[in-house]
Amino acid sequence: MSYTAIADQPVHMHDPTTFVSKYIWSQDHKVIAIQYGVTAIFVGVVALVLSALMRLQLGFPDTFEFINPNTYLQFATMHGMIMVVYLLTALLLGGFGNYLIPLMIGARDMAFPYLNMLSFWTYFLSVLVLLASFFVPGGPTGAGWTLYPPQAILPGTPGVDLGIVLMIVSLAIFIVAFTMGGLNYVTTILQARTAGMTLMRMPLTLWGIFIATVMGLLAFPALLVSAIMMAMDKLVGTSFFMPALISLGEAVDHSGGSPLLFQHLFWFFGHPEVYIVALPAFGMVSDVLATHARKNIFGYRMMVWAIVVIGLLSFVVWAHHMYVSGMNPTFGFFFATTTLIIAIPTAIKVYNWVLTLWQGNIKLTVPMIFAIGFIFTFIHGGLSGLFLGNVIVDVPLSDTYFVVAHFHMVMGVSPIMVLFAAIYHWYPLMTGRMFHEGLGKWHFWITFLGAYAVFLPIHYLGILGLPRRYFSFADTDFIPDTAHMLNAGVTVSAIIVALAQLLFIINIVWSFKHGKKADPNPWGAASLEWQTPEQPPRHGNWGDSLPVVYRWAYAYGVPGVKQDFIPQNVPTEQVMMLDENGAYQEQEV
Amino acid sequence: MNLWGRLTEKPWLAAPGGVPVAAEPPATDFASKRIALYFFLAVATVFFSLLVITFLTHSQFPGFQALAGEPWQPFTDTTRLWFNTSLLLLSSLAMQIALMASRAARPKLCLLALVGAIFFALQFLLAQLWLWQQLSDMGYGVRANPSSSYFYLLTALHGLHLVAGLVVLVKPLMGFWKGKSLDLIGGSVKLCTTYWHYLLVVWVLMFGLLASSEETYRTLAALCGL
Chain A
1400 MSYTAIADQP VHMHDPTTFV SKYIWSQDHK VIAIQYGVTA IFVGVVALVL SALMRLQLGF
1460 PDTFEFINPN TYLQFATMHG MIMVVYLLTA LLLGGFGNYL IPLMIGARDM AFPYLNMLSF
1520 WTYFLSVLVL LASFFVPGGP TGAGWTLYPP QAILPGTPGV DLGIVLMIVS LAIFIVAFTM
1580 GGLNYVTTIL QARTAGMTLM RMPLTLWGIF IATVMGLLAF PALLVSAIMM AMDKLVGTSF
1640 FMPALISLGE AVDHSGGSPL LFQHLFWFFG HPEVYIVALP AFGMVSDVLA THARKNIFGY
1700 RMMVWAIVVI GLLSFVVWAH HMYVSGMNPT FGFFFATTTL IIAIPTAIKV YNWVLTLWQG
1760 NIKLTVPMIF AIGFIFTFIH GGLSGLFLGN VIVDVPLSDT YFVVAHFHMV MGVSPIMVLF
1820 AAIYHWYPLM TGRMFHEGLG KWHFWITFLG AYAVFLPIHY LGILGLPRRY FSFADTDFIP
1880 DTAHMLNAGV TVSAIIVALA QLLFIINIVW SFKHGKKADP NPWGAASLEW QTPEQPPRHG
1940 NWGDSLPVVY RWAYAYGVPG VKQDFIPQNV PTEQVMMLDE NGAYQEQEV
Chain B
0 MNLWGRLTEK PWLAAPGGVP VAAEPPATDF ASKRIALYFF LAVATVFFSL LVITFLTHSQ
60 FPGFQALAGE PWQPFTDTTR LWFNTSLLLL SSLAMQIALM ASRAARPKLC LLALVGAIFF
120 ALQFLLAQLW LWQQLSDMGY GVRANPSSSY FYLLTALHGL HLVAGLVVLV KPLMGFWKGK
180 SLDLIGGSVK LCTTYWHYLL VVWVLMFGLL ASSEETYRTL AALCGL
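Going down the list, the sequences are from chains A and B.
Number 1413 in the numbering used here belongs to position 14 of the first sequence; there are no gaps in the numbering.
Number 177 in the numbering used here belongs to position 178 of the second sequence; there are no gaps in the numbering.
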């Protein structure tokens, strides 16, 4: 009989019996989450190394012979695409989405466990295809992560033979994997919530994952359409995006296509993608902040509505990436307006995070300092976004390092801070062990201060007018020597930050075996995932019967309660209260 | 509870003061699959809509030649397209009969209708390939003009969706093979029927698009603000 995640029927579950079915072809959402996580972090480390190589070239030009203009562009392209799609999207939704959704809603597994397994292995295939491009003649594509035609498929661009084809194929496979996973996440959240878990009692993590998944399902088709059409231009010789032009002195065999059309399609995916990454991070950071500040999240309903509104608005701002592309200038006004409007729900979230901290009983644990670090980096990145959202400011800053600094702060550093917060926060649940607190704090401070040492100067370089994507600036008149010195400093900082990530990897690997055994609920969290009968949760999550939910996930700092929180699955009549004599007793609150 | 009611709930109130514990009946396996299908249809709709938008954009570029409108253009005479459409329509009708038969607890009729749906769907795919051949022979190859590129692209992607549907349809057929009761197979038949009707609608819209004249494209593009 097929397994139904919704029904409380543990006997019919897909119990794994062999090593292969338990850890390889696993249908357990927790194992699949770890598979997603490990793969995404591995490929993310590859992208991190690529960025370090780029920084070496920028900081110390003409020093490293193996970095030439072609390899530099290839590093930049692969770094960008891997970080945005194969690391952040996969880890936030495939990793944390898989791990947390069933546990947080009180289900035994995803609605479609087999499809879930298929989703991971399809993602894995997409990663293999992507990495294969490093080993084909010509190497990976160097077209920039936006893959703009016509140059992406014209001679002269690195990886024009096989690299670009493998990139397109890999993206198409990734989108198939995401669609399978995404259908699972939304269906599970809508259908498999346990008794009492209404939509508005869900932790904000789930709201972030839910809306981001819906957005992903509706935005990734745009990337798929553009990938298919560009593949046809490249392989079949059609002219969807290719205009008539002269390339390397010869007329190309295309005419009538529009490169601008590709840009519209790409950014119709690309901008929602920013929020596909950001919304799960917004949700997770909300839960980490509330738990470690021992205070209910400020303005829960407003936080939910803000997530929904950001999700909707993110589909009508895409062309702010294209102010200098030659599109109709009238559009610029429209897209600048929508871009500035989206700052309103975003600002609501930021205020609510800060107000959650206000008068909270703040515990400066490792997850918490990463979460607070996120508030800093996100405000920083968000404010420079307000600059770039305005056409008149964007035009001179477009394609400079200012843009690089902005998007790295807002969707590089910020989500990564949340990812670290989340990994440290849920690590005891996933492994049953505590990580090393001291190493975690060293990791935070080097990463946080290092990120500023890297990206603050890059803002300044951008304002000076340094163009992005250049292999070398040589002796350009408008670039002072101090800028070159700054670039060297940025590179040193970047290498230190990159090496500091070893502290994180050593910490999670070492603690897995040697970490102190974690208490069942070490942070005193009220949400459901910490209330499983065994920790780490076993296959089926909930033992004999599913939990029943009586309240929201933010009952922290409740006056007169034995512990300062009430888990979601504790009925009101069982809450331990403090009586007049200071003794605890069960009574109604 | 309606959506507004859900979103304005006061979650800080615990049961019994807040929302009652068992406010909603437990969901069923079929309902989950139906929701997943609806979301997938939304994804497919975005996918095809974006293709159509890019088609309309292209139609306004100089050099774009519509496939219909003038006597010498291939889709001015739409007989072949109508023939292919009728095959897909028959397939969709057969799916509907299979659904009604499963509701009326008539397994033999249901099986027969399913086989009929597969037969007509395969016929449709073959007819589409034949149409490709015919257009190619007439000089409207995939590279001839963006309009013919779109013809091959749209029909191929629609065909792939139909092939995926045929793969899924194997499940209820295997159910019959294994002697499962109609109660267990009925859900799959219903979902497949919804998908079949959806693909018919997509094809009819694509038919209308591909067989339109340049004037129609101009009007549609103007309506879309292109």
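It is possible that some hints are incorrect.
[To be verified] Derived BS3-like pairs (lysine-lysine); straight-line CA-CA distance at most 30 Å: (1) A:K1961 - A:K1912; (2) A:K1421 - A:K1961; (3) B:K107 - B:K170; (4) A:K1421 - B:K189; (5) B:K189 - B:K170; (6) A:K1916 - A:K1421; (7) B:K107 - B:K9; (8) A:K1421 - B:K9; (9) B:K9 - A:K1961; (10) B:K9 - A:K1762; (11) A:K1633 - A:K1762; (12) B:K177 - B:K107; (13) B:K107 - B:K189; (14) A:K1421 - B:K177.
Calculated from the structure, these hints are not laboratory results.
Requested in this report: Of all the hints given earlier, name the ones this structure violates by number, lowest first.
Outcome: 1, 2, 4, 7, 8, 11
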